[in-house]
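The whole structure should be built from the sequences, with the hints applied where relevant.
The sequence shown begins at 1 in the UniProt record's numbering and counts up by one.
Be a bit skeptical, because a hint or two may be false.
Across the chosen pairs, the derived CB separations fall in these ranges [claimed, not checked]:
hint, residue 1, residue 2, range
1, Ala58, Ala107, 38 to 44 Å
2, Ala8, Arg46, 38 to 44 Å
3, Gly132, Leu5, 37 to 43 Å
4, Arg76, Ala55, 29 to 35 Å
Derived SDA-like pairs: lysine to any residue, alpha-carbon spacing no greater than 20 Å straight-line [claimed, not checked]:
hint, residue 1, residue 2
5, Lys122, Leu86
6, Lys122, Ser108
7, Lys122, Ala81
8, Lys122, Arg103
9, Lys122, Ala85
By construction, these hints were calculated from the structure, which means they are not laboratory data.
We put the beta carbon where it would ideally sit given N, CA and C, even for glycine.
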Amino acid sequence: MLIALLLALGLAWWMHQRGELLPNLQRVLIGGGLALLALRMLETGRIGFAVLVGAGAALWWFGQPRLATQRDGARRAADLAAARALLGVGPDANAATIRTAWRLQIASAHPDAGGDVELATKLTAARDLLLGQLAND
Numbered sequence: 001m002l003i004a005l006l007l008a009l010g011l012a013w014w015m016h017q018r019g020e021l022l023p024n025l026q027r028v029l030i031g032g033g034l035a036l037l038a039l040r041m042l043e044t045g046r047i048g049f050a051v052l053v054g055a056g057a058a059l060w061w062f063g064q065p066r067l068a069t070q071r072d073g074a075r076r077a078a079d080l081a082a083a084r085a086l087l088g089v090g091p092d093a094n095a096a097t098i099r100t101a102w103r104l105q106i107a108s109a110h111p112d113a114g115g116d117v118e119l120a121t122k123l124t125a126a127r128d129l130l131l132g133q134l135a136n137d
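The following block contains the structure:
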């Protein structure tokens, strides 16, 4: 059971490092896995170890949402900066400026004009991200 639990925790960590595991799912898997390990240690009479693992599970469970929010905020700020740089607009750009910059860029990047599909997709995603940010503010 312990080997299977360690393998499951390792898999969860690996998937999270690749960005394929949602932060909440990671929290549940690892916190739940540590809690199950603590219960198993209690069953076998290893009370001291069970208390340590249970404390680790509690710290993981209650500490993760705050850390995930901080990481997401930093990642979002970096994404916004990259989107602004791609479109060539400043941080104070309004919706009209963003749309105008997108139109100018997409005119040469669009596949129908001999441009690259990937660049056109990135430009459109950058526009949508910046306009979405304006709508949320």
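Evaluation of the provided hints:
no.: 1; hint: Ala58 / Ala107: 38 to 44 Å; in the structure: 56 Å, violated
no.: 2; hint: Ala8 / Arg46: 38 to 44 Å; in the structure: 20 Å, violated
no.: 3; hint: Gly132 / Leu5: 37 to 43 Å; in the structure: 40 Å, holds
no.: 4; hint: Arg76 / Ala55: 29 to 35 Å; in the structure: 32 Å, holds
no.: 5; hint: Lys122 / Leu86; in the structure: 8 Å, holds
no.: 6; hint: Lys122 / Ser108; in the structure: 13 Å, holds
no.: 7; hint: Lys122 / Ala81; in the structure: 13 Å, holds
no.: 8; hint: Lys122 / Arg103; in the structure: 13 Å, holds
no.: 9; hint: Lys122 / Ala85; in the structure: 12 Å, holds
Violated hints for the displayed structure, listed by number in ascending order: 1, 2.
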